[in-house]
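Colleague: Take these sequences, add in the hints, and give me the full structure.
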Amino acid sequence: MAGLSKIILQRLLLGIATLFAVSIIIFVAVNALPGDFAQSILGQGATPEAVAAIREQLGLNEGPVTRYFKWLSGAVQGDLGIPMSQALFQSFAGSSTGGDVTTVFEQIVPRLKNTMFLAGVSAAISVPLAVTLGILTALYRNTAFDKAMNVTTLSAISSPEFFLAYVLILFLAVLNPVFPSLSNIFPGMEFSDRLNKTMLPALTLTLAVTAQMMRMTRAAIINLLASPYIEMARLKGLSPMRVIVKHALPNALAPIITVIALNLAYLVTGVVVVEVVFVYPGIGQLFVDSVKIRDIPVVQACCLIFAAVYILLNLTADILSIVSNPRLRHPK
Amino acid sequence: MSDLLLKIRGLKIEGRSDETWNPIINGIDVDLKKGEVLGMIGESGAGKSTVGLAAMGYTRDGVRISEGSVEFDGVDLVKASAAVKRALLGKRIAYVAQSAAASFNPAHKLIDQHTEGPVQHGVSSRGESELDGIELYRRLRLPNPEEIGFRYPHQVSGGQLQRAMTAMAMACRPDLIIFDEPTTALDVTTQIEVLASIRDIVEQFDTAAIYITHDLAVVAQMADKIKVLLKGDEVEEADTRTMLSSPTKDYTKSLWAVRSFERPAKPAINVNATPVVSIRNVTAAYGTVDVLHDVSFDIHAGRTVAVVGESGSGKSTAARCITGLLPPRIGHIEFDGEPLPVSYKQRNKGQLRQAQMIYQMADTALNPRKSIGETIGRPVEFYMGLKGREKRKRVEELLAEIELEPTEYFNRLPSELSGGQKQRIGIARALAAEPKFIICDEVTSALDQLVAEGILRLLAKLQDELGLSYMFITHDLATVRSIADEVVVMKDGEVVEQGPKKEMFKPPHHAYTDLLLSSVPEMDPDWLTNLLQERGVDNIGDAAVDKM
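Residue numbers (UniProt numbering), protein chains in the order written: chain A, 1 to 332; chain B, 1 to 548.
Derived from the structure by calculation, the hints contain no laboratory data. Everything numeric in this text was worked out from a predicted model, so none of it was measured. Among these hints, one or two may not hold up.
[To be verified] Covered stretches of chain B (chain A as the covering partner; in silico rule of three or more C-beta atoms under 8 Å from a C-beta of chain A): (1) 81 to 92; (2) 148 to 157; (3) 334 to 346.
All residues carry an ideal CB built from backbone N, CA and C; glycine is no exception.
Modeller: Here it is, written out as structure tokens:
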């Protein structure tokens with residue numbers, strides 16, 4: 001077991017190092033965006049003096065290295081700064097103290113919670129669905145069922161998400177009003193109500209992620225069917241379902257877990273289009289809005305969160321894959 | 001009639017390759033009574049395993065039963081539905097595979113896999129079957145029978161796994177067990193334990209069995225009657241003693257004859273002669289772990305030194321030290337009395353040329369994209385500096401030397417050769433450097449007996465003609481008997497005994513040598529019984545090692 005905790009610790013440290021490297025890339029990339037906040041907020045007719053004043057106010061004139069480390073040291077302590085839009089509002093209002101200032105952190109948290117809720121619902125539907133379908137298609141491989149499932153899920157993944165979203169709206173909101181087409185959720189809502197309003201975006205995301213997980217489950221299982229221990233299981237007279245679930249699946253977990261983690265990460269970080277279509281108040285929308293007005297602290301914070309989610313989920317997947325190997329769990 | 005358990009009639013099996021179905025088995029009959037053991041032998045490709053699986057109504061992917069019937073207790077398994085077959089498999093017909101390590105599911109404990117059959121077939125409850133499993137482990141003489149089942153396959157040694165698999169096959173007390181080369185992957189000392197365990201338990205429960213193997217001596221211990229297969233056809237069948245004493249068909253006789261090949265003894269070594277290769281007090285390590293401890297032996301001109309021992313005894317590591325692939329930590333190698341640089345990187349072309357290697361797996365030791373002419377031509381050019389027509393002429397000479405028709409084989413690729421022919425190419429490649437000394441690393445262990453014998457005869461002929469010295473690494477003592485002049489016995493990285501072959505095969509010798517020698521199955525059907533009596537039934541193998 002000591003070996004296992006050592007591996008986990010190693011992966012954790014590597015994850016932190018990766019996050020640090022990513023923070024540099026984010027900072028450089030965001031700062032390389034054309035135009036700046038001062039320019040975009042003041043519009044075409046801005047005088048150079050006004051632009052300069054705002055730049056001064058927001059600390060945009062400092063060197064990039066200084067700004068990076070200020071941002072990083074803040075971020076490490078949980079202080080992601082103040083949105084530029086807020087900072088500007090504050091200075092125009094003329095009060096440097098008091099006033100209702102929302103920090104980036106406060107702005108992001110409720111949005112992130114919404115996005116996590118959406119991702120959670122989508123995952124709760126798509127992961128069991130995909131794994132079950134993967135097992136069934138492996139069991140009935142090369143039958144009409146297998147082919148139909150592959151065609152369906154591949155068509156879903158090949159279509160753009162906004163198209164899937166509109167198709168679902170057409171069938172489940174317009175023609176048969178089962179779910180609302182607008183996902184205007186807000187704090188303090190009943191859970192069932194919230195779930196109801198989240199359903200359409202969640203289904204859209206499910207369609208987008210199921211194919212890959214299903215096909216990996218199927219492939220990983222079929223890959224093992226030629227191994228001697230599967231032949232042995234068959235020669236013990238076990239049912240085909242038992243052979244697959246009990247004998248193939250446990251040995252196919254590592255690749256399946258990896259693909260599930262990648263798709264879960266996508267549910268958090270790839271939701272922009274779906275959130276926009278359903279007007280879902282998640283982090284994706286906030287991200288798009290902030291990019292539009294060049295609100296750098298918010299954009300950076302969003303990117304950092306996306307990166308952290310990716311790294312954390314992949315880390316979890318790595319650890320679970322390792323744990324799924326009995327040789328590591330039970331050393332000689 | 002009614003006591004026939006298994007009745008196979010006119011069984012024909014086909015395999016698919018390139019979209020066409022080709023015959024693999026051309027009509028085989030099998031009759032097996034309750035409690036009877038049929039040994040099925042033949043070379044690789046004879047179709048033994050295919051028939052064994054077909055006796056369970058099972059075929060692998062890309063194989064089908066095209067004709068015939070497999071009647072088990074009145075049920076034709078060829079025509080039976082999948083559900084009917086599933087009800088019989090595991091419960092009344094069980095299977096023991098060649099590699100237990102690969103055939104146990106790595107994700108589950110042994111006992112979980114053991115109880116699965118009885119529980120799924122409704123034979124007994126999980127608790128009952130677990131207790132029965134422990135009892136079977138005890139009968140099969142597994143160490144710590146109460147505890148061993150609760151380990152995962154990777155935590156148990158190969159020989160123990162093989163016995164655990166036999167226990168698993170016994171779990172539902174089947175009427176018939178198919179043993180598919182269950183001891184081929186084991187060392188001789190481990191093989192004995194498994195053979196004895198299998199024989200005991202099959203007798204105790206009066207189980208019928210089909211025992212598939214390519215090893216005649218093994219089948220002689222296990223079977224009541226023997227069936228010989230050749231390329232999908234039955235050659236002959238008879239009860240074991242008749243078959244061993246008076247086989248009627250030429251092919252069977254030739255199989256029997258393999259073990260009779262033995263070179264005449266050479267005169268004793270001149271003590272004053274300088275050995276061709278001398279290994280002096282070599283200690284070598286992988287990483288920080290020493291795997292060879294103070295190993296010394298000499299190889300004289302024109303002689304064959306067999307280095308024997310079980311897997312992990314350091315035989316191949318010694319070869320790596322001689323070739324300079326693994327520089328020894330302490331000690332050195334002398335060639336014709338001159339010390340060689342320890343690493344091959346520091347040796348010059350002349351020094352490299354003098355020591356060549358032939359490998360166990362001819363398949364992987366030949367570049368699949370190079371023609372035979374190129375493969376042999378490369379050392380001819382590199383070491384001897386021959387080019388163009390001279391090179392071609394030399395390669396053709398070498399091909400003639402290894403008894404392959406030069407014009408026919410020059411342009412072939414390795415994939416167009418049989419296993420034995422590939423091994424011959426390996427020999428020609430070693431000869432191309434015109435060395436004094438060749439290391440043969442298990443060169444016959446992947447080959448069938450007849451083919452292996454051909455290779456041994458060829459090596460002997462080349463030695464006589466060219467005065468070569470061989471270091472012959474093997475775990476097969478029959479090979480040692482037929483080709484060696486001197487023998488070095490290794491165990492755990494140390495030389496436990498060495499000397500001329502005649503003395504080594506004559507008592508008294510070191511306890512380990514004794515164990516190795518006495519563990520080699522002999523063609524006598526009473527050999528195992530007598531041996532077990534000699535050793536005392538309860539302390540076979542392990543106990544003998546402990547005594548040392």
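Colleague: Each of the hints needs a verdict: does it hold here or not?
Modeller: Taking the hints in turn, this is what the structure says about them:
no.	hint	verdict
1	81 to 92	holds (count 7)
2	148 to 157	holds (count 4)
3	334 to 346	violated (count 0)
When the structure is compared with the earlier hints, a violation turns up for hint 3 alone.
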